[in-house]
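J.: The opening residue of the sequence shown carries number 294 in the working numbering; numbering runs sequentially from there.
Hint data in this document are derived by calculation from the structure and do not stem from the laboratory. Predicted, not measured: the structure shown is a model, and the values here were computed from it. Among the clues, some could well be false.
Distance condition first, Cα-Cα at most 27 Å in a straight line; then the derived BS3-like pairs of lysine-lysine [what the hints assert, rightly or not]: (1) K361 x K441; (2) K427 x K441; (3) K472 x K533; (4) K530 x K361; (5) K361 x K427; (6) K530 x K440; (7) K533 x K440; (8) K530 x K427; (9) K441 x K533.
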Amino acid sequence: MLSDITIGQYFPGNSLLHRMDPRVKILLLLFFIIGVFVFDTASSYLLFSALTVACFIFSRIPVRMMLKSVRPLLWIILFTFFIHLFSTPGEEIARIWIFGMTWEGLRQGCFISLRLVLLILLSSLLTFTTSPLKLTDAMEYLLSPLKKLGVPAHELAMMMTIALRFIPTLVEETDKIMKAQQSRGSDFTTGNILQKARHIVPILVPLFISSFRRADDLAMAMEARCYHGGEGRTQMKMLKVTSVDYLACGGSILFGGLLAFLQWNP
Numbered sequence: 294m295l296s297d298i299t300i301g302q303y304f305p306g307n308s309l310l311h312r313m314d315p316r317v318k319i320l321l322l323l324f325f326i327i328g329v330f331v332f333d334t335a336s337s338y339l340l341f342s343a344l345t346v347a348c349f350i351f352s353r354i355p356v357r358m359m360l361k362s363v364r365p366l367l368w369i370i371l372f373t374f375f376i377h378l379f380s381t382p383g384e385e386i387a388r389i390w391i392f393g394m395t396w397e398g399l400r401q402g403c404f405i406s407l408r409l410v411l412l413i414l415l416s417s418l419l420t421f422t423t424s425p426l427k428l429t430d431a432m433e434y435l436l437s438p439l440k441k442l443g444v445p446a447h448e449l450a451m452m453m454t455i456a457l458r459f460i461p462t463l464v465e466e467t468d469k470i471m472k473a474q475q476s477r478g479s480d481f482t483t484g485n486i487l488q489k490a491r492h493i494v495p496i497l498v499p500l501f502i503s504s505f506r507r508a509d510d511l512a513m514a515m516e517a518r519c520y521h522g523g524e525g526r527t528q529m530k531m532l533k534v535t536s537v538d539y540l541a542c543g544g545s546i547l548f549g550g551l552l553a554f555l556q557w558n559p
């Protein structure tokens with residue numbers, strides 16, 4: 294279902310995570326993403342899972358939003374699980390035709406699938422609790438050291454934020470086009486792969502036209518407001534690091550230390 298795609302959506306609120314500095318949230322997200330790949334013990338994944346659930350509870354994001362963020366990639370997660378289940382050598386559990394399931398494959402499949410779920414949930418948590426404007430300002434600030442190398446930090450941050458912002462809009466537009474096509478007799482659920490691919494063409498053409506139209510309208514609106522990139526641009530609300538951010542950073546360092554202890558002292 295297209296309505297299950299939650300990438301780029303912002304859920305307004307006044308929780309501790311909503312009030313955190315977006316720069317700190319981005320850095321902590323990178324820290325935890327690296328940690329998910331570095332620490333691979335069962336206790337580490339258990340702690341990561343508990344932390345992720347606790348963050349969603351503190352952010353007051355509804356459980357349905359949490360589940361909807363995973364659902365679009367559910368087939369990829371299941372495919373990854375079964376690939377590891379049947380391709381990892383080890384002690385065999387059962388055999389289906391020429392494919393053998395192993396205990397090592399089951400363990401590896403569970404870990405890799407859980408890793409994907411954690412990455413999706415942590416990334417979704419950032420967009421759920423950070424408005425597009427604050428996300429743009431945070432990205433621009435973090436990319437600003439690259440300006441000395443000629444990298445257009447503001448333009449890159451603006452493009453990434455606009456792309457995230459328009460994902461829900463394009464999803465909604467696609468859903469409208471599909472419903473309009475279905476009301477005219479189109480069927481997107483039956484037939485083989487080639488027939489389903491052929492049915493996608495009537496959706497892609499109006500979707501591309503609508504996307505270019507929206508991009509042109511956005512460009513004209515930005516020009517009408519005298520937008521000239523990051524040169525001379527100021528911020529109405531300056532980003533500030535508060536005590537909540539320092540506590541989050543300190544807690545993350547302690548969390549990383551605990552993970553390191555569990556990793557190398559099993």
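J.: Could you tell me which of the hints above the structure violates, numbers in ascending order?
T.: Of the numbered hints, 1, 3, 4 do not hold.
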